[in-house]
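S.K.: Since the structure of chain A is already known, use the hints to place chains B and C on it.
The chain contents come next:
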Amino acid sequence: MNIEFPSFVEVLDFLGTFAFATSGVRLAANRRYDWFGALIAGAATAIGGGTLRDILLNVTPAWMSNPVYIIWIILAMAFVLRYAKYLLQFNYTIFILDSIGLGLFTVVGFDKAISLGMSTWVAIIMGAITGAGGGVIRDLLLNKTPMIFQKEIYAMACVAGGFVYWGCLEIYLPVYIAQILAGTFVVLLRIATVKYNITLPILPQIDHEP
Amino acid sequence: MNIEFPSFVEVLDFLGTFAFATSGVRLAANRRYDWFGALIAGAATAIGGGTLRDILLNVTPAWMSNPVYIIWIILAMAFVLRYAKYLLQFNYTIFILDSIGLGLFTVVGFDKAISLGMSTWVAIIMGAITGAGGGVIRDLLLNKTPMIFQKEIYAMACVAGGFVYWGCLEIYLPVYIAQILAGTFVVLLRIATVKYNITLPILPQIDHEP
Amino acid sequence: MNIEFPSFVEVLDFLGTFAFATSGVRLAANRRYDWFGALIAGAATAIGGGTLRDILLNVTPAWMSNPVYIIWIILAMAFVLRYAKYLLQFNYTIFILDSIGLGLFTVVGFDKAISLGMSTWVAIIMGAITGAGGGVIRDLLLNKTPMIFQKEIYAMACVAGGFVYWGCLEIYLPVYIAQILAGTFVVLLRIATVKYNITLPILPQIDHEP
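Line order of the protein sequences matches chains A, B and C.
With my numbering applied, the first sequence covers 5 to 214.
With my numbering applied, the second sequence covers 5 to 214.
With my numbering applied, the third sequence covers 5 to 214.
The hints are simulated quantities; they were obtained by calculation from the structure and are not laboratory data.
Take these hints with a grain of salt, some might be off.
To be verified - Distance condition first, Cα-Cα at most 20 Å in a straight line; then the derived EDC-like pairs of lysine to aspartate or glutamate: (1) K199(C) / D38(A); (2) K89(C) / D38(C); (3) K148(C) / E174(A).
Said to hold, decoys possible - Here's a subset of chain C near chain A, in silico, CB distances under 10 Å, partners left out: (4) N62; (5) T149; (6) Y158.
Just so we're clear, the structure is a prediction, and the values are computed from it rather than from any experiment.
Quick reminder that beta carbons are idealized off the backbone N, C-alpha and C, glycines included.
One chain only, chain A, in its complex shape:
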C-alpha cells in the first residue's frame, strides 16, 4: 500500500466529516438511543448529504469507494462515548467545526456537479444538498422536523456560498481562490447569523391546516 499524505482539502473534509458525525451522535445520545442507533445517526449526518447528491448525480456515493469516511464516523462515536461529560464545554468548538464542514461540503458538492458536466445552477443546489442534506436525513430518521425549516440560516448559507463560487468563476478567478472564498463565505455567514441571531422572514399565516 502506498501511503499518501492527504491534501489540505482532504484534511478539511475529514474534519468536517468528524464534526458532522459528532453532532449526529450527540443528538442520538440525548434521545437515549443505543450505540448502533447513534452510529447510524452520525453516519446519516456526515455522509447523508453527499450520498443524496451522488444519487441525484447518478454516480456511486463517495463513501463507498473509500472506507475512511466510515472510520471517521466510528472515531466520532468513540469520542462522544469517551468524553461525553466534557462535551458541553466543547459546544463552541463543535459549532465551529460544524460550520467549517458546512463550508467545505458546499464547495465539494459544487465541484463534483461541475466536474460531471452539470450547469452552474445545478452545482449551487448540489452544494447546498451536500452541506445541509445530511442534517435533513438525520432529522428525518430521528423523527423531528428538519432544522432547515426553522429558525437558523443553514442551507441558505450554502446557497449563498454557491453564488459566491459562481461569481468568482465568472470573473475568471482561479478555481482554488474561488473555493477558498466560497467556503470561507459559508463559514462566516453561518457563524454571523448564529451570533447575531439573524433569521429569514417567516411566511404569513394563510389558513388552518386542512
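M.R.: For chains B and C alone, kept in the frame of chain A given last:
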C-alpha cells in the same frame, strides 16, 4: 438562444408544477416556516415525485436538465407571498390545478418508464410515484403522516389512471388519445372522490401496536 | 412462457418478502389506514431495503425486473385482510418468518454488492441495508421513530451476519456454505436477542436538546 413555443403537454406540466409548488408553500406557510423552508417544501411537492421516479429508473432527474422547474417553484412562492390574504378564495382553483397536475404527472411518469423500456406494470407504478410521490416527500419533510395513508383517494387515482392508459394501448388507441383519456380519468376521479367524499375501506384493527 | 421451478434461495426470498410485507400491512392496520395505504406500507417494508441498496449501488431496483415481488405483497395484504382476527395467534410464526427474511435479505444484499465489484466492507453495509432498510423506510412513512434506533438488536444482527460471511470467505469456505452460515447466524442472533431480551448499551445523556 432559440425561443421555442412550449407544447400543450409542457404548458400543462408547468401549470401542474406551479399548482403542486403552491400547495407545498401554503402548507409551509401554515406552519410558520421561513421563506427558504417554504421554497424547499414547494420544490419537494412539485419535483419530488419525478425525482424519485428518475432515481428508481436510474436516470438523471428531469429538473436538473431544465431550470424552468425551479423558476416555476420560485414564482409559486412569490405568488403565495404576494396574494396570501386572497388565497383562501382560490382554494377551489388550486384544488383543480392540483388535480390537473396529478393527472398530467401520472401520464408523464407512465410515458417515461415506457420510453426507458420498462414493463407496463412498472409504468403504472412510476405514474403513481410521479403523481403522488411529491406529496409524500413533502409530508415526510414536514414531519406529518403522509396523506396517502389517510382519508382521500390520491395515489389510488394515479394507479387507476395507469390502468386506463394500459387499456387504451391494449386496444391500439393512438398514444395521444391514451394520454388524454388516462390524464382526464385521473383528474375526474380525484375531483369526484373529494366532492362525494369517497374513501377506500379501512383495515380491521388487529392488535395494539407492539 | 417457460415455467421454471424456483431455487431454494428464491423460495426463501419469497417467504421473506411475504413475512416483511405482512408485518408492514399489520402495522398499517393497527393505525387504521385504508387498504391502499396498507399496501404501500407492506411494499415499503418488503422491498424498501433492496430498493435503497440498489439505488446506492446505482442499478435498477430488483423488484422492477420481476413482478413476483409485487404479487407477494398483494397476497400478504389479502392474507392480513382475510385472517385478521386469527393473526394474533400467528405472532410467533410471523416473527420467525420475519427473522428468516432478515437473514436471507442480509445474504442477498451482501452477494449483490460483491457481484457488482464492491469491497467487502461495503457488502456488509449493503447486507444490513437490504435486511433492515425496509423497516426504516416503513417507519419513516408511518411517521414513527425507526425501530433500529431503539430497543431491539435488528440491523446489528445483519452487520454481525455480514462479518460471519466475510470470515467464511476468508477461510475459503464455498460460497453456499458461507451463505447458509451467515444467514443462519442472523436468524439465530435475532431470535436469541428477542428471547433473552438482549440490548445494546444506551449512550449517556449529554445535554438537553438544543
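S.K.: Work down the list of hints and note, for each, if the structure agrees.
M.R.: So, going through the hints one by one against the coordinates:
{"no.": "1", "hint": "K199(C) / D38(A)", "in the structure": "19 Å, holds"}
{"no.": "2", "hint": "K89(C) / D38(C)", "in the structure": "17 Å, holds"}
{"no.": "3", "hint": "K148(C) / E174(A)", "in the structure": "46 Å, violated"}
{"no.": "4", "hint": "N62", "in the structure": "5 Å, holds"}
{"no.": "5", "hint": "T149", "in the structure": "4 Å, holds"}
{"no.": "6", "hint": "Y158", "in the structure": "9 Å, holds"}
Hint 3 from the list above is the single one not met by this structure.
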